[in-house]
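Novice: Fit chain B to the known structure of chain A by using the hints.
The listed protein sequences derive, respectively, from chains A and B.
Residue 1157 is where the first sequence ends in the numbering used here, and the numbering goes up by one at each step.
Residue 1157 is where the second sequence ends in the numbering used here, and the numbering goes up by one at each step.
Keep in mind the hints are simulated off the structure, nothing from the lab.
Source: prediction; values computed, not measured.
Identical copies look the same in the list; a pair holds intra-copy or inter-copy alike.
No farther apart than 27 angstroms at their CA atoms in a straight line, the calculated lysine-lysine pairs in the DSS-like style are these: (1) Lys-1145 x Lys-1094; (2) Lys-1097 x Lys-1140; (3) Lys-1093 x Lys-1145.
Number of protein chains: 2
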Amino acid sequence: MPERGISIAFGQVIKKHRKELGLSQEALAEKADVHPTYIGLLERGLRSPGLDVADRISKGLKTRLSKLVSEAESPRSKL
Amino acid sequence: MPERGISIAFGQVIKKHRKELGLSQEALAEKADVHPTYIGLLERGLRSPGLDVADRISKGLKTRLSKLVSEAESPRSKL
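Chain A with its partners taken away, still in its complex shape:
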């Protein structure tokens, strides 16, 4: 029974931070060493990233992964 709540919220958090930094999806993908289309899938909640990938993305966003996860856990992470 897949529970996708955290992934959907995490994708929204990624998008918010990426936009704040003025990064394109492609630029963030390059920083995080993932496929150029992956960030878009993630931001739409269509992928549940592995912890290692999530950590690389957090570094690309200059933010600790625990902070991104914490924001994704907040009751209202619709941004």
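Specialist: Chain B in isolation, oriented as in the chain A frame:
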């Protein structure tokens, strides 16, 4: 170039919390709806869990995922 630092540290954090709760690997696996052998692989840093799986495990450990990740990020998470 896989960077496994966070996964190895996360595995150690999982093990610490699991033992504090007096749960077997199998009992935690059942709570998190993962294969019985998966927790052992995770604790040894041999798997990088997806965010959804990590979230289910955190619920099995009655701890927020952001807290577990934060502990895994700490410079010295060797326990």
